[in-house]
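Participant: Sequence:
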Amino acid sequence: MFTTIHKHYSVDEWKEFAAENKSVLQHVAASSGIGAGDLEKLSAILEAVPEIQFICIDVANGYSEHFVQFVRDVRKKYPEHTILAGNVVTGEMVEELLLSGADIIKCGIGPGSVCTTRKKAGVGYPQLSAVLECADAAHGLGGHIISDGGCTCPGDVSKAFGAGADFVMLGGMLAGHDESGGETIEKDGKKYKLFYGMSSATAMKKHSGGVAEYRASEGKTVTIPYRGPVEATVQDILGGVRSTCTYVGASKLKELSRRTTFIRVTQQLNEVFTPHTTEH
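Take any residue in the sequence shown, count from 1 to its spot, add 134: that is its number in this note's numbering.
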(Lines of atoms letter the chains of each structure in order from A; the text may use other names.)
(Lines give C-alpha, C1' and ligand atoms only; values in the text may rest on other atoms or scores of the structure.)
Protein backbone atom coordinates (compact mmCIF):
# COMPACT_ATOMS: atom_id res chain seq x y z
CA MET A 135 0.00 0.00 0.00
CA PHE A 136 1.07 3.58 -0.54
CA THR A 137 -0.41 7.03 -0.03
CA THR A 138 -0.72 9.76 -2.64
CA ILE A 139 -0.23 13.10 -0.88
CA HIS A 140 -2.29 15.92 -2.38
CA LYS A 141 -0.58 18.61 -4.41
CA HIS A 142 -1.24 21.61 -2.15
CA TYR A 143 1.44 20.87 0.46
CA SER A 144 4.40 23.24 0.35
CA VAL A 145 8.06 22.25 0.10
CA ASP A 146 8.55 23.20 3.75
CA GLU A 147 5.63 21.01 4.81
CA TRP A 148 7.16 18.13 2.87
CA LYS A 149 10.49 18.66 4.63
CA GLU A 150 8.77 18.59 8.01
CA PHE A 151 6.83 15.46 7.08
CA ALA A 152 9.99 13.72 5.85
CA ALA A 153 11.90 14.55 9.03
CA GLU A 154 9.16 13.07 11.21
CA ASN A 155 8.23 10.07 9.04
CA LYS A 156 11.39 8.73 7.42
CA SER A 157 10.15 5.13 7.45
CA VAL A 158 7.18 5.80 5.15
CA LEU A 159 8.87 7.82 2.40
CA GLN A 160 9.21 4.77 0.14
CA HIS A 161 5.43 4.40 0.28
CA VAL A 162 4.20 7.88 -0.62
CA ALA A 163 3.74 9.73 -3.90
CA ALA A 164 4.29 13.45 -4.40
CA SER A 165 1.45 14.94 -6.43
CA SER A 166 1.60 17.71 -9.00
CA GLY A 167 -0.82 19.63 -11.14
CA ILE A 168 0.08 20.82 -14.64
CA GLY A 169 -0.20 24.57 -14.16
CA ALA A 170 2.40 27.29 -14.25
CA GLY A 171 5.08 26.59 -11.69
CA ASP A 172 3.93 23.06 -10.87
CA LEU A 173 6.94 21.33 -12.42
CA GLU A 174 9.28 23.66 -10.54
CA LYS A 175 7.47 22.94 -7.27
CA LEU A 176 7.59 19.18 -7.90
CA SER A 177 11.32 19.42 -8.62
CA ALA A 178 11.86 21.33 -5.37
CA ILE A 179 9.98 18.67 -3.39
CA LEU A 180 11.92 15.80 -4.95
CA GLU A 181 15.20 17.60 -4.37
CA ALA A 182 14.29 18.25 -0.73
CA VAL A 183 13.06 14.68 -0.16
CA PRO A 184 15.05 12.43 -2.53
CA GLU A 185 13.66 9.26 -0.93
CA ILE A 186 10.35 9.79 -2.76
CA GLN A 187 10.15 7.46 -5.75
CA PHE A 188 6.52 7.94 -6.80
CA ILE A 189 5.21 10.96 -8.72
CA CYS A 190 1.46 11.49 -9.23
CA ILE A 191 0.45 13.89 -11.99
CA ASP A 192 -3.07 14.64 -10.89
CA VAL A 193 -5.77 16.48 -12.86
CA ALA A 194 -9.54 16.06 -12.97
CA ASN A 195 -9.55 15.86 -16.78
CA GLY A 196 -6.70 13.97 -18.39
CA TYR A 197 -7.97 14.56 -21.92
CA SER A 198 -5.68 17.38 -23.05
CA GLU A 199 -2.51 17.71 -25.09
CA HIS A 200 -1.00 19.87 -22.36
CA PHE A 201 -1.45 17.05 -19.83
CA VAL A 202 0.19 14.50 -22.12
CA GLN A 203 3.11 16.84 -22.78
CA PHE A 204 3.51 17.44 -19.04
CA VAL A 205 3.78 13.67 -18.51
CA ARG A 206 6.49 13.54 -21.18
CA ASP A 207 8.38 16.40 -19.56
CA VAL A 208 8.28 14.75 -16.13
CA ARG A 209 9.42 11.42 -17.57
CA LYS A 210 12.33 13.11 -19.32
CA LYS A 211 13.40 14.85 -16.13
CA TYR A 212 12.86 11.82 -13.86
CA PRO A 213 13.63 8.68 -15.85
CA GLU A 214 13.96 6.44 -12.77
CA HIS A 215 10.82 7.46 -10.87
CA THR A 216 7.46 5.68 -11.04
CA ILE A 217 4.90 8.04 -12.59
CA LEU A 218 1.17 7.88 -11.88
CA ALA A 219 -1.02 9.95 -14.22
CA GLY A 220 -4.74 10.64 -14.45
CA ASN A 221 -7.61 10.84 -14.49
CA VAL A 222 -8.99 9.19 -17.61
CA VAL A 223 -11.66 6.57 -18.28
CA THR A 224 -11.07 5.13 -21.76
CA GLY A 225 -8.61 2.72 -23.28
CA GLU A 226 -7.15 4.99 -25.95
CA MET A 227 -6.14 7.61 -23.40
CA VAL A 228 -4.60 4.97 -21.15
CA GLU A 229 -2.46 3.88 -24.09
CA GLU A 230 -1.51 7.48 -24.92
CA LEU A 231 -0.33 8.16 -21.38
CA LEU A 232 1.61 4.92 -21.10
CA LEU A 233 3.37 5.61 -24.39
CA SER A 234 4.14 9.13 -23.15
CA GLY A 235 6.03 7.81 -20.14
CA ALA A 236 3.53 7.09 -17.36
CA ASP A 237 3.74 3.77 -15.53
CA ILE A 238 0.38 3.67 -13.75
CA ILE A 239 -2.81 5.32 -15.02
CA LYS A 240 -5.43 6.65 -12.61
CA CYS A 241 -8.93 5.85 -13.87
CA GLY A 242 -12.19 7.45 -12.79
CA ILE A 243 -14.23 10.56 -13.55
CA GLY A 244 -17.09 11.36 -11.23
CA PRO A 245 -17.48 8.26 -8.99
CA GLY A 246 -16.09 9.73 -5.76
CA SER A 247 -18.27 10.12 -2.66
CA VAL A 248 -17.72 13.89 -2.51
CA CYS A 249 -17.46 14.47 -6.27
CA THR A 250 -20.33 16.17 -8.12
CA THR A 251 -18.81 16.32 -11.62
CA ARG A 252 -21.45 14.02 -13.11
CA LYS A 253 -24.20 16.27 -11.74
CA LYS A 254 -22.57 19.64 -12.35
CA ALA A 255 -20.91 18.94 -15.71
CA GLY A 256 -22.83 15.91 -16.97
CA VAL A 257 -19.51 14.16 -17.56
CA GLY A 258 -18.44 10.77 -16.26
CA TYR A 259 -18.16 7.05 -16.92
CA PRO A 260 -19.50 4.11 -14.89
CA GLN A 261 -16.56 3.07 -12.76
CA LEU A 262 -16.71 -0.69 -13.26
CA SER A 263 -16.93 -0.23 -17.04
CA ALA A 264 -14.01 2.21 -16.94
CA VAL A 265 -11.84 -0.22 -14.98
CA LEU A 266 -12.63 -3.12 -17.31
CA GLU A 267 -11.79 -1.07 -20.41
CA CYS A 268 -8.74 0.71 -19.02
CA ALA A 269 -7.20 -2.40 -17.47
CA ASP A 270 -7.43 -4.25 -20.77
CA ALA A 271 -5.68 -1.39 -22.58
CA ALA A 272 -2.98 -0.95 -19.94
CA HIS A 273 -2.09 -4.61 -19.56
CA GLY A 274 -1.71 -4.94 -23.31
CA LEU A 275 1.18 -2.45 -23.08
CA GLY A 276 2.64 -3.76 -19.84
CA GLY A 277 1.21 -0.87 -17.82
CA HIS A 278 -0.96 -0.70 -14.72
CA ILE A 279 -4.08 1.15 -13.59
CA ILE A 280 -5.50 2.56 -10.38
CA SER A 281 -9.26 2.42 -9.90
CA ASP A 282 -9.91 5.83 -8.35
CA GLY A 283 -13.27 6.34 -6.67
CA GLY A 284 -16.62 4.64 -6.22
CA CYS A 285 -15.83 2.21 -3.40
CA THR A 286 -18.21 2.22 -0.44
CA CYS A 287 -17.34 -1.11 1.23
CA PRO A 288 -14.64 -3.82 1.14
CA GLY A 289 -16.65 -5.75 -1.46
CA ASP A 290 -16.32 -2.82 -3.89
CA VAL A 291 -12.54 -2.91 -3.49
CA SER A 292 -12.57 -6.60 -4.40
CA LYS A 293 -14.76 -5.91 -7.44
CA ALA A 294 -12.29 -3.29 -8.67
CA PHE A 295 -9.46 -5.82 -8.41
CA GLY A 296 -11.70 -8.40 -10.06
CA ALA A 297 -12.28 -6.03 -12.99
CA GLY A 298 -8.53 -5.79 -13.55
CA ALA A 299 -7.35 -2.89 -11.40
CA ASP A 300 -3.78 -3.20 -10.14
CA PHE A 301 -4.40 -0.65 -7.37
CA VAL A 302 -7.55 0.73 -5.75
CA MET A 303 -7.55 4.32 -4.47
CA LEU A 304 -9.74 5.14 -1.48
CA GLY A 305 -10.89 8.50 -0.11
CA GLY A 306 -14.29 8.38 1.54
CA MET A 307 -13.73 4.95 3.08
CA LEU A 308 -10.70 6.32 4.94
CA ALA A 309 -12.23 9.68 5.91
CA GLY A 310 -13.12 10.50 9.50
CA HIS A 311 -10.10 8.85 11.13
CA ASP A 312 -7.30 10.21 13.30
CA GLU A 313 -4.89 10.05 10.37
CA SER A 314 -7.29 11.77 7.95
CA GLY A 315 -7.04 15.41 7.01
CA GLY A 316 -9.88 17.78 7.79
CA GLU A 317 -10.73 19.62 10.96
CA THR A 318 -12.46 17.96 13.92
CA ILE A 319 -15.87 19.33 14.90
CA GLU A 320 -17.84 18.71 18.10
CA LYS A 321 -21.64 18.88 17.99
CA ASP A 322 -24.09 17.76 20.68
CA GLY A 323 -21.31 15.95 22.49
CA LYS A 324 -20.24 13.95 19.44
CA LYS A 325 -17.10 14.32 17.34
CA TYR A 326 -17.11 14.69 13.56
CA LYS A 327 -14.48 15.32 10.91
CA LEU A 328 -14.82 17.52 7.86
CA PHE A 329 -14.42 15.78 4.50
CA TYR A 330 -14.50 17.62 1.18
CA GLY A 331 -13.77 17.02 -2.48
CA MET A 332 -10.72 18.69 -3.99
CA SER A 333 -12.92 20.48 -6.54
CA SER A 334 -15.36 21.66 -3.87
CA ALA A 335 -15.85 25.29 -2.89
CA THR A 336 -14.23 24.47 0.47
CA ALA A 337 -11.06 23.20 -1.19
CA MET A 338 -10.87 26.05 -3.68
CA LYS A 339 -11.30 28.65 -0.94
CA LYS A 340 -8.57 27.00 1.12
CA HIS A 341 -6.03 26.42 -1.64
CA SER A 342 -6.89 28.86 -4.44
CA GLY A 343 -8.46 31.83 -2.69
CA GLY A 344 -11.99 30.95 -3.74
CA VAL A 345 -14.03 29.64 -6.66
CA ALA A 346 -12.89 31.42 -9.82
CA GLU A 347 -15.54 33.52 -11.56
CA TYR A 348 -15.54 31.28 -14.62
CA ARG A 349 -15.77 28.02 -12.63
CA ALA A 350 -18.33 26.04 -10.67
CA SER A 351 -17.72 23.83 -7.67
CA GLU A 352 -17.64 20.13 -8.60
CA GLY A 353 -17.44 18.70 -5.10
CA LYS A 354 -19.25 18.76 -1.79
CA THR A 355 -18.34 19.12 1.87
CA VAL A 356 -19.69 16.66 4.44
CA THR A 357 -19.24 15.95 8.14
CA ILE A 358 -18.39 12.35 9.01
CA PRO A 359 -18.74 10.79 12.46
CA TYR A 360 -15.31 10.45 14.04
CA ARG A 361 -14.03 6.90 13.51
CA GLY A 362 -10.83 6.70 15.57
CA PRO A 363 -7.58 5.14 14.31
CA VAL A 364 -7.56 4.02 10.67
CA GLU A 365 -5.94 0.65 11.39
CA ALA A 366 -9.20 -1.17 12.14
CA THR A 367 -10.77 0.09 8.91
CA VAL A 368 -7.75 -0.96 6.85
CA GLN A 369 -7.76 -4.41 8.45
CA ASP A 370 -11.48 -4.75 7.68
CA ILE A 371 -10.87 -3.90 4.02
CA LEU A 372 -7.94 -6.30 3.75
CA GLY A 373 -9.95 -9.02 5.46
CA GLY A 374 -12.77 -8.56 2.98
CA VAL A 375 -10.42 -8.81 0.00
CA ARG A 376 -8.80 -11.94 1.43
CA SER A 377 -12.24 -13.49 1.88
CA THR A 378 -13.10 -12.64 -1.73
CA CYS A 379 -10.02 -14.51 -2.90
CA THR A 380 -10.97 -17.62 -0.92
CA TYR A 381 -14.53 -17.59 -2.26
CA VAL A 382 -13.45 -17.44 -5.91
CA GLY A 383 -10.33 -19.61 -5.61
CA ALA A 384 -7.66 -16.96 -6.20
CA SER A 385 -4.40 -17.87 -4.46
CA LYS A 386 -3.07 -14.34 -4.93
CA LEU A 387 -4.47 -10.93 -5.77
CA LYS A 388 -3.20 -11.03 -9.35
CA GLU A 389 -5.38 -14.08 -9.99
CA LEU A 390 -8.57 -12.36 -8.87
CA SER A 391 -9.43 -10.89 -12.27
CA ARG A 392 -9.15 -14.35 -13.84
CA ARG A 393 -11.54 -15.80 -11.27
CA THR A 394 -14.20 -13.08 -11.50
CA THR A 395 -17.54 -13.08 -13.32
CA PHE A 396 -19.85 -10.07 -13.03
CA ILE A 397 -23.63 -10.50 -12.93
CA ARG A 398 -26.07 -7.59 -13.15
CA VAL A 399 -28.51 -7.49 -10.23
CA THR A 400 -31.13 -5.10 -8.86
CA GLN A 401 -30.26 -5.79 -5.22
CA GLN A 402 -27.20 -7.48 -3.76
CA LEU A 403 -27.94 -7.39 0.00
CA ASN A 404 -30.75 -8.57 2.25
CA GLU A 405 -31.19 -5.44 4.34
CA VAL A 406 -34.33 -6.33 6.30
CA PHE A 407 -32.64 -5.72 9.68
CA THR A 408 -30.22 -2.99 8.62
CA PRO A 409 -31.87 -0.12 10.59
CA HIS A 410 -31.80 -2.18 13.79
CA THR A 411 -28.30 -3.68 13.86
CA THR A 412 -24.66 -2.77 13.81
CA GLU A 413 -21.94 -4.89 12.28
CA HIS A 414 -19.62 -6.66 14.72
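Bear in mind the hints are in silico, worked out from the structure with no lab data behind them.
Predicted model only: the values in this text are computed from it and were never measured.
Treat each hint with caution, since some may be false.
Cβ-Cβ distance ranges computed for the label pairs, FRET-style [to be verified]:
id : residue 1 : residue 2 : range
1  : 320       : 368       : 33 to 41 Å
2  : 273       : 146       : 36 to 44 Å
3  : 260       : 315       : 26 to 34 Å
Built from N, CA and C at the ideal position, the CB exists for glycine as well.
Participant: So, for every hint listed, does it hold in this structure?
Facilitator: We went through each hint and held it up to the structure:
no., hint, in the structure
1, 320 to 368: 33 to 41 Å, "violated (26 Å)"
2, 273 to 146: 36 to 44 Å, "holds (40 Å)"
3, 260 to 315: 26 to 34 Å, "holds (28 Å)"
When each numbered hint is compared with the structure, a violation occurs for hint 1 only.
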